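If you're matching positions, the sequence shown starts at 1 in UniProt numbering and goes up one per residue.
Hints in this document: simulated from the structure, not taken from any laboratory. Errors might be hidden in some of the hints.
[Claimed, not checked] Restricting the straight-line Cα-Cα distance to at most 25 Å, the calculated cross-link-like pairs of lysine-lysine (DSS-like) are:
| # | residue 1 | residue 2 |
| --- | --- | --- |
| 1 | Lys83 | Lys93 |
| 2 | Lys100 | Lys83 |
| 3 | Lys54 | Lys29 |
| 4 | Lys18 | Lys83 |
| 5 | Lys83 | Lys54 |
| 6 | Lys54 | Lys74 |
| 7 | Lys18 | Lys54 |
| 8 | Lys100 | Lys29 |
| 9 | Lys93 | Lys54 |
| 10 | Lys83 | Lys29 |
| 11 | Lys18 | Lys29 |
| 12 | Lys18 | Lys74 |
| 13 | Lys26 | Lys93 |
| 14 | Lys26 | Lys100 |
| 15 | Lys83 | Lys26 |
For clarity, every value in this text was computed on a predicted model and none was experimentally measured.
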Amino acid sequence: IRKASKLSRKENLRVGLKDCQLRIRKGEKGLLVFAGDVTPIEVMCHLPAVCEDKDIPYVYVPLRADISAAVGIKRPALMVLIKHNADYEELYKDCHTEVKALPLPIN
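Could you build the full structure based on these sequences and the hints that come with them?
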């Protein structure tokens with residue numbers, strides 16, 4: 001999440017459930033960061049399966065406040081979609097490979 005905070009220019013980010021869901025449905029690619037403390041979980045429990053179908057890497061962080069602090073907003077955010085940007089090519093690739101290397105969250 002620290003690396004992702006450096007990518008937090010407004011044109012690189014889609015913050016929130018509605019915006020991220022819309023952009024994924026329209027075919028936008030990037031890294032998706034989910035908050036782990038979402039209640040009720042049913043509002044976003046379908047999105048990991050959608051991400052796997054569309055080959056979008058995703059990761060969970062413990063708190064909504066962690067996402068908000070990293071992207072510089074005041075309200076807690078359920079998720080953020082970080083889009084690819086040529087200005088931050090190396091940093092984006094580092095984040096992308098680290099997220100891809102994580103094991104899938106299987107119970």
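Hints not upheld, ascending by number:
Violated hint: only 6; rest satisfied.
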